[in-house]
Structure formats: C-alpha cells, structure tokens
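Q: Spelled out, the chains give:
2 protein chains.
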Amino acid sequence: MIVEQLPEAVRSHVREAKRQGRIVGCVPTMGALHDGHCSLIEQARRDCDFVVGTIFVNPTQFGPGEDFSRYPRTLEADLDRCRAAGADLVFTPAASVMYQDDADTVVVPGQLATVLEGAIRPGHFSGVTTVVTKLFGITEPDVAFFGQKDFQQQLIIRRMVRDLNLAVRIVTCPIIRESDGLAMSSRNRYLTETERAVAGDIHQALREAIRLADCGECSAAEVALQMRRRLERSGQLQVQYAVVANPETLEEYQTEERGIEAVALIAVQLGSTRLIDNALLRFG
Amino acid sequence: MIVEQLPEAVRSHVREAKRQGRIVGCVPTMGALHDGHCSLIEQARRDCDFVVGTIFVNPTQFGPGEDFSRYPRTLEADLDRCRAAGADLVFTPAASVMYQDDADTVVVPGQLATVLEGAIRPGHFSGVTTVVTKLFGITEPDVAFFGQKDFQQQLIIRRMVRDLNLAVRIVTCPIIRESDGLAMSSRNRYLTETERAVAGDIHQALREAIRLADCGECSAAEVALQMRRRLERSGQLQVQYAVVANPETLEEYQTEERGIEAVALIAVQLGSTRLIDNALLRFG
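Residue numbers (numbering that gives the first Met the number 0), protein chains in the order written: chain A, 0 to 283; chain B, 0 to 283.
Worth double-checking, as some hints may not be accurate.
Claimed, not checked - Some but not every residue of chain B turned toward chain A, in silico, with C-beta under 8 angstroms:
1) R10
2) T104
3) V106
4) V107
5) P108
6) Q110
7) K133
8) G136
9) L163
10) L165
What the hints assert, rightly or not - Only some residues are given here: those of chain A computed to face chain B with a beta carbon under 7 angstroms:
11) P6
12) A102
13) V107
14) G109
15) Q110
16) T132
17) K133
18) I137
19) E139
20) R158
21) D162
Simulated from the structure, these hints should not be mistaken for laboratory data.
Heads up, the beta-carbon is just placed ideally off N, CA and C, and yes, glycines get one too.
Next up, chain A with everything else stripped away, as it sits in the complex (with noise of 0.2 angstroms):
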C-alpha cells in the first residue's frame, strides 16, 4: 500500500492506473477509522480496481467551538486498517497543502444544506463539499463512497455532483452498528462509560420508527413524535432533532402518507457528545 502526502504523487498513481484501464474507487475519510470506513474501503475494493483512501481532519468543515482540536487522530492505526480493507493508496496530506494560505474559492451547497445539521452546523456542508470536491480533483475517482451514518451528507455530495457535473459516481454504503445498535462513529470514543450505556437508545429510537412506520398506523408527525419520546426516556439523551423526511429533499413529511419512503433522522447531545443516526422506512 502507497502511501502519499502530496496531491501530486497521489495523481501520478492515479494517473498510471488509469492508463492501465484500472477503475478507481475513492474512500474519503477524517481518520480515526473504524469498522463502517473498513466496510467502505471493503465494498470500494471489491467495485473497482484502484482503491485510494483519503484520511484529512478537515478544518473547514468544523465550527467554532466544535471539536476539531480534540478530533481523534490516529494515523498509524488508520494505515493498518486501510491496508487490512484492501487499499491500494492512501493520501494523508496536511492542511497546508489542502489550503494555502489565501485559498478562498468554496464549493457552496443550496436547500439541502440549511435544514438539520446545516442548521445546527452553519458552513458545515461548505466545507464538506469544498473538501470533497478537492480530495475528487486530487484522487480523480471513477466512484466514490460514503456512508449511509451521514444521511445529510451523502444526498449533498450526490447533489454537488451532479449539479457540477462531477465526473463520479457516487455510492452509499450501509451504517455499521455496535452489538446494541449504536451507530459507529470515531466520536463514540469520546463517550463516557455511562453515556456509551444509554447511546443504544438512538438505534432503538430508530426501530421504534421502522415499526411504526411497516404496520403504517401513524402519521410520520406521529412516528416522529415516539422517536423523540424513546429518546428522551433516558433524561440522557438532549434531542436536537427527531424527524421523518422525504429523503431526497429532507423536507419534513407531516401528514400520514401510504407507501412513501422516508428516512428517519436523529441529533442528539450526550454529555460534550453530539451523535447521529439515521433509519430508512416505508410506510405500510
């Protein structure tokens, strides 16, 4: 496995693989790799035939007083796990040669990125597709990869990419839980041992939608409501929200609807922690 930290080499590689016809298939990540980036860089090895991690704790994409600073680096780990899941290059650039000094051309996303974590997280999204575009122009990917986990995210770079014209293919690849159902995030690790008690409540707020919605007695307002109810019985959990949404908008549905797909979303803060969870649901 190669390992690159300038945008150059990695697209020197890239390049030769092409040339080679070899399909290539990116992995963006921040580090801190756990088993849901293994499973990305598992389904990329298995889809193409070049498969380039990225591990870049993004500044631009934190807000203040969030926890870039304390955001776990763990780059030897990374590498073994990257190399573990099948990659073949993976860039590890510094921030100073993701940004120079007087960087200030922004990739800015619309609609999709105001509401839920755009809301709570204001030029988050900016970030994320400012980044994600650089990282594609470095890695110049024939398909890239990102997980389900987050749900917002990966339906604004599908929209980036196709309302840029991006030369990618995106694919979307399914959260990766813990034996309780706790969503896997290189944030769990900042949980306490009584917060990491109670985190399994989020996935079992997500069942708890899943049900509702396949017997399809309930509104979506209605299945909303006893997610953030399954939440709360804690007293652990603070709600940022707990909506159930068309999931190629992210528009709130209110009224009771028959056979419509819709994606369940949850933010919550538990201690310093803000976690995320997502469930698809077709009501029945």
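We have chain A; now place chain B onto it with these hints.
A: Below, chain B without anything else, positioned relative to chain A:
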C-alpha cells in the same frame, strides 16, 4: 467536427480520445464568436490532440438588467468558425440540460471576485466559476484556454483551479484587437457607428499607460489618472474604473514603484454597451 448537446455524449467522446492517449483541450465560450475566440481554438489546436469548444450563453453569470436576452446568438456561424479554427467537438447544451430545476450547488470565488467587475456585477463571477466547473466536469480537459481580455475572469479561474485542485491547466491567450485597437468582444456589435468611432480610445488610454510606465516617471496612481483623462477626452465614454493593479491580487497600486509588474484595467459604459479592456505594464 462533432456537435453534441448532451453532457454524456461529450464525455463519451472525450473518454475515447483519452483512451487513445490524446491530450484534451477545452475552449469555453458563450458563442457570438470573433477572431479572439478563434485564436483560443487555434492555440488549443496547436497545444492539444483533441479540441473541445463549448458554446453556452450562461444565464447565471448575467445580473438582472444585464444583456442576457439580447446577447447575440449566432450558432450556425459559430460552428463554421469552430470548424475552421480546428475544433474536433463542439458542445452546445440547452440551459435546461445545464441547470436542472432544483440545481443549487455553486462555486463561489473569494477576494478576487469582490473588486472591479465583481463589485459592479454582483454574482457574475460565481456564475462563471460554477459554469466553468461544470464545463470542466463534462469535457474533462487537460488544458483550458481563456482570453486575457477578461483578465479578472482568467485570474479567478486560475485561483479556482488551484483552490479546488481541479486537474486542468489554464492557458491565457493574448487579446486580439481591431485595426484601431478596440479589443474584440461579442458586445462590440451592440455599438452604433458613432460609438464605434470613439471605442478605440480605450486602447489609446492603455497605450498611454504602457508608455508612462515604460518611462518610469509616474506613480501608478498618476498612470491611472492619465488613463482616465484620455478616456474622458471625447466626453462619450463613461468610465466605471481605470486602475493600475497588482496582476496577481488585483489590489490597486498607489505609490511609485520601480520594476514591478502591473495590469491596467478599464471598464467603460458607451451608450448602452459596457466594454472592458486591459494591458500588462512594467514600471521601468
């Protein structure tokens, strides 16, 4: 010469050319082609193996009250010119193909887009960087060619390419002028006979700036003042700006300096027509 209206068709031709190891050049235009555009295509022909021209009057770079609706559309003549200049493929998309109804991801330039044209035409450069990113996404060029005539534009596009790590090299080609020095522009055809008669004054003002800088006897501010006086002589040109600036940052030079590179930039209103022009200077 191939003419295509759909992005997928263009991409397929370009990919085939690349598979054959050909270097791809792109010349983005809004049509109404003149010898300036042709010189870009001819340069692309010399530098590249597969030359793609694009013709698209991009609505998002026109402000309210600007000349979008009257902008000249001369597709058949444009295609003849592209053929004569050596294009292999011309992309002539409909606006509905370029912008889906709910498209809202944009590329936003920074500081460079806040001055001069950017100050007078708010949103203009964001329209430009967004459509150029899209055209690069569709035509995947190794090299793209822009005219020095739109000096600020080529600078902003270079910055965008750097900031977003786009895999394209930008080449800026010299301004092509009429016999009296008027820079070729699709908008010159708006001019009445009387207006056309004084339009050459713009170039005269730039020549005066070059002469004064060469002599090294003037400060940048004095050169700018003399340009403005030359422009105002006829009483017909309404000066929007006439400045001498740093050619990398577009910051206006104020003091007397020796041996520095500069760019003299002019925008005037002449009747109902806006004209811009520029020249590189070196203070002797």
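Q: Does G109 (chain A) meet its interface restraint, that is, does its C-beta lie within less than 7 angstroms of any C-beta in chain B?
A: holds (2 angstroms)
Q: Under 8 angstroms, Cβ to Cβ, is where L163 (chain B) needs to be relative to chain A, so tell me if that hint holds or is violated.
A: holds (5 angstroms)
Q: Let me know if the C-beta of A102 (chain A) comes in closer than 7 angstroms to any C-beta of chain B, holds or violated.
A: Holds: closest Cβ of chain B sits about 5 angstroms from A102 (chain A), inside 7 angstroms.
Q: Does the interface hint hold: is V106 (chain B) within less than 8 angstroms of chain A, judged Cβ to Cβ?
A: Holds. Min distance 6 angstroms.
Q: Classify the hint on K133 (chain A) as holds or violated, based on whether any CB of chain B lies nearer than 7 angstroms to its CB.
A: Holds - the Cβ of K133 (chain A) comes within 7 angstroms of chain B, reaching about 5 angstroms at its closest.
Q: Given T132 (chain A) as an interface hint, is its Cβ closer than 7 angstroms to any Cβ of chain B?
A: It holds, given that the least Cβ distance between T132 (chain A) and chain B is near 5 angstroms, below 7 angstroms.
Q: For the hint on G136 (chain B), does the least C-beta distance to chain A fall short of 8 angstroms?
A: For G136 (chain B), the interface hint holds, since the closest Cβ of chain A sits about 4 angstroms away, which is under 8 angstroms.
Q: Quick check on Q110 (chain A) please, does its C-beta sit within 7 angstroms of some C-beta on chain B?
A: Hint on Q110 (chain A): holds, closest Cβ of chain B at ~6 angstroms, below 7 angstroms.
Q: V107 (chain B) was flagged as interface toward chain A. Is the shortest Cβ-Cβ separation under 8 angstroms?
A: Holds, about 5 angstroms.
Q: Please check whether T104 (chain B) passes as an interface residue: C-beta within 8 angstroms of a C-beta belonging to chain A.
A: Status holds, d = 4 angstroms.
Q: With 7 angstroms as the cut and Cβ atoms as the points, is P6 (chain A) at the interface with chain B?
A: holds (6 angstroms)
Q: Restraint: L165 (chain B) near chain A, CB-CB cut 8 angstroms. Satisfied or not?
A: holds (5 angstroms)
Violated hints are absent here; each numbered hint is respected by the structure.
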